[in-house]
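S.K.: In case you want the letters, here they are:
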Amino acid sequence: MASCKATDAVFHVDPPPAAKKLREAFYSAHYIHSHIAHFYALAAPDFVMGPTSAPAERNILGVISKVGLQIGGEVIKHRAYAQSIQASIAGKATHPVGGIPGGMSKAITEEQRKDFEEKAKSCVEFSKFSLKLFNDVVLANKDYLNIITGNIYTMKSYYMGLVDSKNKVNFYDGDIRVVDPDGKEVVKFKPAQYLDYVAEHTEPWSYMKFPFLKKVGWKGFIEGKESGIYRVSPLARLNVADGMATPLAQAEYEKMYKTLGGKPVHATLVFHWARLVELMYASERLLELCQDKEITDPKVRNIPTATPDEGVGVVEAPRGTLYHHYQTDKNGMITKANLIVATAHNYPAMHMSIKKAAQALITKGKAATEGLLNMVEMAFRAYDPCSACATHTLPGQMPLEIVIYDSKGEVKEKLSQNLG
Amino acid sequence: MKTIILGLGNPILSDDGVGNRIAQELEGKLAQRQDVKVIETSQSGLSLIDLLADYDRAIIVDAIQTAKGKAGQIYRLTPDALNETRHVSSPHDVNFATALELGNKLGITMPKQIIVYAIEVTDTSTFSEEFTPQVKQAIPKCIRRIIKELNGNHHNSAKL
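Those sequence lines, one after another, are chains A and B. To convert, note that position 217 of the first sequence is 217 in the working numbering; the numbers rise steadily by one, no gaps. To convert, note that position 18 of the second sequence is 18 in the working numbering; the numbers rise steadily by one, no gaps.
In isolation and in its complexed conformation, chain B is listed as follows (with noise of 0.2 angstroms):
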């Protein structure tokens, strides 16, 4: 099975890049893996679309801020919880479902299975390359998950 690895955020916005910092650790960790492949990304919307296609199972990793959540939770999410917030993340684009949805729409071979690992953050407004101490401490615990993920392994998590 070809598995994508896809960390997003913003590395210089504090936990904004708690995305990217794991898929860094990941890229060096999983460098035998030949059927995984990891990147981290600032892209979003209809660019999601060029980096998902033609895998089988894509791993999402991203920051989120939830109501009532605690810093450094760790969510595992399927996409059907993504269709609750059509909320877009960018003003000049369209939101993930909606990228999701037209990629199959066009044809292009899209992940059958996508995972998102969402770590809940504190904050996502000051430039910084550094972590608040609980999103830095869920760091290694999300790589842990994610390998054993890979590896045909996973334990129920705190649903949103």
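So here's chain A without its partners, still in its complex pose (with noise of 0.2 angstroms):
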């Protein structure tokens, strides 16, 4: 969607309304599966079976044995239901191809409006049902609560998120804003202006970048104010919008702060809460989308008529904030592109979770069980990455070298390949 929005920019064209509602619905689909599976399939089984339950039974096969099996059904059904939204406007649910610059490729019928209706309509239920589900087996558990707002898994930083004209939460369209870690808004820019505010550090044992807030600097992987190190995740876009655009997410938006004590929350654990505020969230606008009858409207493209050039398109995936930037030659060919995705964002952030985790968990004369190390992965999992996403590989094979270290410290084995 973001490559969507930037090649609309490369041809200074702008949709027509219907194809951006048509976007719109779309992306709202594709939060509803994607949220759908990260939850249950890999957020779940640490909090319905535990963090420290067996690993053989803590996957979603586990959650399922427990919580029910109609309960599984009905998470197969709205994924489904999801993708087949995706499929019927856009082509495919993966690789879609329905955007095209200036719109869509084709206009949806009334039917197919009718349909998708009453698949939102069986989100939103499935929605409260979800919300209930974590209310009732995380929330209700003190040890949960706990373990969740703990200082293991709390990072003071700066958060960042596409906001609407009223500073709600959107994952289309809008200005993006940045929140320092007491909540306070920093700066409110277009996405055109990104460079102005992004810059990105690099380090020789990563192929990925480490982004941060120009503004405030690199000051290395510390947390707090001074440092420039900023997080994008569901939990980013609620800290720094002012609510959500829907009644029902917006209640539960409220329940969520009040519950942990007011903006912003710097928990990592609360990423999954705030996910499930976002499904909410997702199937509620998919079902004002859908009850628009002018998502029907067959005009759906403005041809593009201006020579390309160059553009910026930013929308929140569901991980975080993506951007893709493209300058191309006159016949729209792209001669450069810069892409930030979300776990790029939060890249450095990941780390320092990470290791926050596993000094608190793993101590000296304490055996590291399996139960432990998953509480350290807990840490890394709740960002969802997708480092495949975030890398800029260079072509062809990849130089490595591992090196093995005795616990003196002294070298052991080295393994390379490709290091020229």
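A portion of the hints provided could be inaccurate.
[To be verified] Below, in silico cross-link-like pairs of lysine-lysine (PhoX-like), each with a Cα-Cα straight-line distance of 25 angstroms or less:
#, chain 1, residue 1, chain 2, residue 2
1, B, K105, A, K66
2, A, K77, B, K37
3, A, K92, B, K2
4, B, K68, A, K414
5, B, K141, A, K132
6, A, K156, A, K168
7, B, K105, A, K77
[Unchecked claim] Now the in silico label distances, taken between C-beta atoms and shown as ranges:
#, chain 1, residue 1, chain 2, residue 2, range
8, B, D54, A, K293, 28 to 36 angstroms
9, B, A81, A, G73, 22 to 30 angstroms
10, A, S416, B, A81, 26 to 34 angstroms
11, A, D329, B, N151, 50 to 58 angstroms
12, B, N104, A, E117, 26 to 34 angstroms
13, A, K255, B, A53, 30 to 38 angstroms
These are computed hints drawn from the structure, not numbers from a lab. Cβ coordinates follow ideal geometry from the N, Cα and C atoms, glycine included.
Take each chain as given, in its own frame, and dock them per the hints.
M.R.: As structure tokens, then:
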């Protein structure tokens, strides 16, 4: 979706209202399937089964056995609903082909709209159920609540996310708002201005870059207001916004901050709760769009007439803010591209979250059990990272060296490939 | 017997799209077969449950990379072989074996017989719709073998 918006900008064309609504409906459906999969398959096992439970049971199969087979069916059904809406609007759910410069390749019929509306209603009900499950299983358990809000999973940082003109969360469009660790707005900027606010630090030991807020500066891997490290994520979006644009999601938003003592929340494991608040927003927003008759307007594209040159497109991907920036020749062939994806924004913070959890949990004289190691992994899993998306690979073979040291710090073995 | 043929992969990532290409070609060749449905997809994980539901037999076609494999080699595998690797195909979803188990557990009618045709590939990182020469040569061979399989014949092939 960021690439669609970047190509609109490259061709200096604004899509008609129905195209924007179709894109947002498609994107809301994308959020529904992505957030359901992450919560039930990746996050819930740690809480429903317990963070130190046996790994053979700590998976979606264990979750379904415990909470009920019927719920498993609902998970599969609503993911499938969301994906069928995506495929109907844009050809395919994965690798969609519907977005083109200036709009969409096809309109939808009244029959499709009605079908989407029924599915969206069902997704709203499923979102209610998912939040209730989180409430009953996680929040009602004091031990879990202590883990979630405990210091080892807390990191004070800046936050970044898209907001609409009323500073409400928006996945598809808006301005980029940044708040400091006290929750105070430090800047709000347009997508095309991103290079004025975001810079990237590099380290010799990583293929990924380390984005930071240019005006605060890179101060190393440290927390707090002095450090330019920021985070994007479901929680970041809620932290930067003044609320949600739909009623049920707004009520859940208020409940979350009330329970956790106000804004902003720095607890990394609250990403999961925020993800469910967003599942509700995505479902409600999808329903709103499907009840808007304009969405079936056959005019879904403005043909570009300007000479293409350069453009930036920004959306909120399920894992966080996504920037696409292209420069093209006069035929629209890309000559330069820059992408900053959610996992890249979070990369500095991920290192710190893992280190903090590991240092607190793995202590001298205490066996590092599988359960403890899983609790370290939980700090990482909350970000739902995709390192493959975030790495700027060089052509072909990856140079890599692995050095294995013994407990005295002596090199025992060196393995390497393609070091040239 | 209702059969689904699923060609999996990324069609713009060189050899990774071999499953998609085989499915595209089979779709034309099997258009008259009412008992066979052919789908090419880049989906994985939980989505496979939706695609496989209500079929008696599934033939899955995908790219594979093994430690000592020869490019273009075709393997015929059953789900037991997949249990050897619980490696996830995506960090955001479950693996194939888990998806199958979940489908069965939820009472969804999953295919009783699942056969995987895996083609040994070399290049899965170059953006291209072309294949490397050995993989390209394997495409018609694999198509012939799948058609034979549909007709109740298959010959034993290389094991992993």
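S.K.: With reference to the structure, classify each hint as holding or not holding.
M.R.: Verification of the hints:
no.: 1; hint: K105(B) <-> K66(A); in the structure: 13 angstroms, holds
no.: 2; hint: K77(A) <-> K37(B); in the structure: 22 angstroms, holds
no.: 3; hint: K92(A) <-> K2(B); in the structure: 24 angstroms, holds
no.: 4; hint: K68(B) <-> K414(A); in the structure: 22 angstroms, holds
no.: 5; hint: K141(B) <-> K132(A); in the structure: 53 angstroms, violated
no.: 6; hint: K156(A) <-> K168(A); in the structure: 22 angstroms, holds
no.: 7; hint: K105(B) <-> K77(A); in the structure: 15 angstroms, holds
no.: 8; hint: D54(B) <-> K293(A): 28 to 36 angstroms; in the structure: 35 angstroms, holds
no.: 9; hint: A81(B) <-> G73(A): 22 to 30 angstroms; in the structure: 28 angstroms, holds
no.: 10; hint: S416(A) <-> A81(B): 26 to 34 angstroms; in the structure: 31 angstroms, holds
no.: 11; hint: D329(A) <-> N151(B): 50 to 58 angstroms; in the structure: 52 angstroms, holds
no.: 12; hint: N104(B) <-> E117(A): 26 to 34 angstroms; in the structure: 32 angstroms, holds
no.: 13; hint: K255(A) <-> A53(B): 30 to 38 angstroms; in the structure: 36 angstroms, holds
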